[in-house]
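Sequences listed follow chains E and B, in order. The numbering used here numbers the first residue of the first sequence as 1 and each following residue consecutively. The numbering used here numbers the first residue of the second sequence as 1 and each following residue consecutively.
Hints are computed from structural coordinates only; laboratory data are not their basis. What you are looking at is a predicted structure, and each value in this text was computed from that prediction instead of being measured. Idealized CB from N, CA, C, for every residue including glycine. Honestly, I wouldn't trust all of these hints.
List time: in silico DSS-like cross-link candidates among lysine-lysine, alpha-carbon distance up to 30 Å [said to hold, decoys possible]:
hint : chain 1 : residue 1 : chain 2 : residue 2
1    : E       : LYS132    : E       : LYS219
2    : B       : LYS87     : E       : LYS131
3    : E       : LYS200    : E       : LYS96
4    : E       : LYS132    : B       : LYS87
5    : E       : LYS131    : B       : LYS219
6    : B       : LYS87     : B       : LYS305
7    : B       : LYS219    : E       : LYS132
8    : B       : LYS219    : E       : LYS36
9    : B       : LYS24     : E       : LYS200
Residues from chain B that face chain E, not an exhaustive set, calculated with beta carbons under 10 Å [what the hints assert, rightly or not]:
hint : residue
10   : LYS22
11   : LYS24
12   : LEU32
13   : PHE42
14   : TYR61
15   : TYR129
16   : ASP164
17   : ALA196
18   : THR238
19   : ILE241
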Amino acid sequence: MIESSKTKYVQESDSSSSTSKTKYFKSKKKQDRNGKILVYIVLILVSVLLLSPLVWMVSTSLKPMQEIVRFPPTFIPETIVWQNYVDTVQSFPFFKYMGNTLIITIFVVLGNVLSNSFIAYGFAKIEFPGKKVLFALVLATMMVPGFVTMIPQYILFTRINWVGTYLPLIVPSFFGSAFNIFLLRQFYLSINNELIEAAKIDGANHLYIWSHLMIPLTKPALITVGIMSFNGAWNDFLGPLLYITDESMYTLQIGLQSFSNQSTTQWNYLMAGATLVLIPSILLFFFAQKYFIEGMDLTGGTKG
Amino acid sequence: MHANQTSNNNGKNKRKKMNWNKRKRNEALWGLLFVSPFIIGFLAFMFLPMMFSLIGSFTNYNITSQMDFIGLDNFIRMFTTDQLFLKSLYNTIYYVILNVPLTTAGGVFLAVLLNRNIRGITIFRTIFYLPAILSGVAVYVLWMQLLSPTSGLINLVLSFVGIDGPAWLFDPDWTKPALILMRLWSVGGAMLLYLATLQNVPRQLYESAEVDGANRFKKLWHITLPMITPIIFYDVITSTIGAFQIFQAAYVMTENGTGGPANSLLFYNLHMWNKAFVAFDMGYAMAMSLVLFAIVLVLTFINLKLAPKWVHY
Chain E
1 MIESSKTKYV QESDSSSSTS KTKYFKSKKK QDRNGKILVY IVLILVSVLL
51 LSPLVWMVST SLKPMQEIVR FPPTFIPETI VWQNYVDTVQ SFPFFKYMGN
101 TLIITIFVVL GNVLSNSFIA YGFAKIEFPG KKVLFALVLA TMMVPGFVTM
151 IPQYILFTRI NWVGTYLPLI VPSFFGSAFN IFLLRQFYLS INNELIEAAK
201 IDGANHLYIW SHLMIPLTKP ALITVGIMSF NGAWNDFLGP LLYITDESMY
251 TLQIGLQSFS NQSTTQWNYL MAGATLVLIP SILLFFFAQK YFIEGMDLTG
301 GTKG
Chain B
1 MHANQTSNNN GKNKRKKMNW NKRKRNEALW GLLFVSPFII GFLAFMFLPM
51 MFSLIGSFTN YNITSQMDFI GLDNFIRMFT TDQLFLKSLY NTIYYVILNV
101 PLTTAGGVFL AVLLNRNIRG ITIFRTIFYL PAILSGVAVY VLWMQLLSPT
151 SGLINLVLSF VGIDGPAWLF DPDWTKPALI LMRLWSVGGA MLLYLATLQN
201 VPRQLYESAE VDGANRFKKL WHITLPMITP IIFYDVITST IGAFQIFQAA
251 YVMTENGTGG PANSLLFYNL HMWNKAFVAF DMGYAMAMSL VLFAIVLVLT
301 FINLKLAPKW VHY
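Pulled out of the complex, with its shape left as it was, chain E reads as follows (with noise of 0.2 Å):
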């Protein structure tokens, strides 16, 4: 399959340079040519480095015991056992887990979404004494790490009871994230002061502005917050580990970890367990990968 798609390749960099290039003397062209199939099959040498965990994953995770020990080992499964994910699903709560999950997530995307969108705003669109010092203290907040807070925070979920609860897994992202209010500026900047000018005319406040102009004109900035939230959210495991103290109120993680410290060295199931819990973000990247990569380029434009 590698070698059938490196040839094909190859032909269609012969054809592009034979036709755009013609200018070129044919010393120069042969040199291109040569330099393109290198980098192709550099990149085929990558991609392929980079696919084989994954596809190695799905691969063991549709085996029978007896062919993951056997050596040399098969890299397309001989028999296939779909009911190793019949068994993983039956051997933890999976499914009660997974409702968990979704109940974490559903709320911190929404909290990351609309808190970030709202601090962003001000940020970007009004004017108050203070405003630059106190975004820098945004742009500082990035600098302290995690663990920094962690055990002081914790100490005051204690106290006030929250240990145990959801709650210190979701309140928090409704005071925004410096990452995402930086992301979300940039975004608020690139439009036009004059909309906001002629709806302050027409006798709007900030909050109509917010919600009415600014939520649907942003969308394509909030949707990549919400994606990488619920990506964040979903794979989350330091945060459960901390704070869920009840067994029936584990996420997906907490119990993959668990299930991974029961069933050591049972690739298969560990695998087919994987490959479930991977499975929404693979697919999340695949529908809305545009999202994902635009919310890098902001970065990456602004900050170059």
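Since the structure of chain E is already known, use the hints to place chain B on it.
Only chain B this time, still in chain E's reference frame:
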């Protein structure tokens, strides 16, 4: 008549000015309202907790009964009686020193590789970026299998080329390289940052360099790399901070944070975690968190000081 008109005008101006002031004050209140969630969150979840840490680190606080002032004892203990502290610091610095340059170089390499107009390039970009968005326990479990000495993919591939692969997570000499290997898998995140910048480099720069007879490597060294030094700088700072926080991988891959073979995966934060939430030695753990913060601040400061020597703005 004439005088009357001027005074009238003055009054108008005054009223206008007053109105303007009022509007400005009104606007400022709106601004504060909008940023207030950040201010409240900063005070409640960052500033006050850090102040508490600052006080708590000079006590023997254990969350339930005691909080006596014990001076610098916690800090002295770190460097004298707590053997594991220095071990964890060593492990973490080892990890940071290997991790930061490798991931930066990896990100730049992939970005340079992708920064060309050839067919199918967006597919490669997607493939390179995919591992970077995957995280959490599933990724660690997957890598525990890949790194498995007997049935893992990595040693299998190594055996094809005649190399007898190490025991990775079971050999104290290979545990940290194993984690760095795993980290390199998701180098696509940094790559995307570089790629965005590379695509903004003016083409004329390369064209005029070609006229002057510059080859591939000269162009890379004299144009591409200088153009992305601000991003390298940003990447080095953030990935240093990130690498110092390594915890989850080590916690999951050493069965509940026991530290792995010969404590070779006992990273700083893992040790801090065990002190805080296993031994409930909160005062000591808070002191450790302050030391970590100081280390990160000093490193960031050094990075900022060194920046003018190599970063092109």
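Taking the hints in turn, this is what the structure says about them:
{"no.": "1", "hint": "LYS132/E to LYS219/E", "in the structure": "holds (26 Å)"}
{"no.": "2", "hint": "LYS87/B to LYS131/E", "in the structure": "violated (44 Å)"}
{"no.": "3", "hint": "LYS200/E to LYS96/E", "in the structure": "violated (49 Å)"}
{"no.": "4", "hint": "LYS132/E to LYS87/B", "in the structure": "violated (42 Å)"}
{"no.": "5", "hint": "LYS131/E to LYS219/B", "in the structure": "violated (42 Å)"}
{"no.": "6", "hint": "LYS87/B to LYS305/B", "in the structure": "holds (29 Å)"}
{"no.": "7", "hint": "LYS219/B to LYS132/E", "in the structure": "violated (39 Å)"}
{"no.": "8", "hint": "LYS219/B to LYS36/E", "in the structure": "holds (17 Å)"}
{"no.": "9", "hint": "LYS24/B to LYS200/E", "in the structure": "holds (14 Å)"}
{"no.": "10", "hint": "LYS22", "in the structure": "violated (14 Å)"}
{"no.": "11", "hint": "LYS24", "in the structure": "holds (8 Å)"}
{"no.": "12", "hint": "LEU32", "in the structure": "holds (6 Å)"}
{"no.": "13", "hint": "PHE42", "in the structure": "holds (7 Å)"}
{"no.": "14", "hint": "TYR61", "in the structure": "holds (8 Å)"}
{"no.": "15", "hint": "TYR129", "in the structure": "holds (7 Å)"}
{"no.": "16", "hint": "ASP164", "in the structure": "violated (14 Å)"}
{"no.": "17", "hint": "ALA196", "in the structure": "holds (3 Å)"}
{"no.": "18", "hint": "THR238", "in the structure": "holds (8 Å)"}
{"no.": "19", "hint": "ILE241", "in the structure": "holds (6 Å)"}
Violated hints, in rising order: 2, 3, 4, 5, 7, 10 and 16; the structure is consistent with all others.
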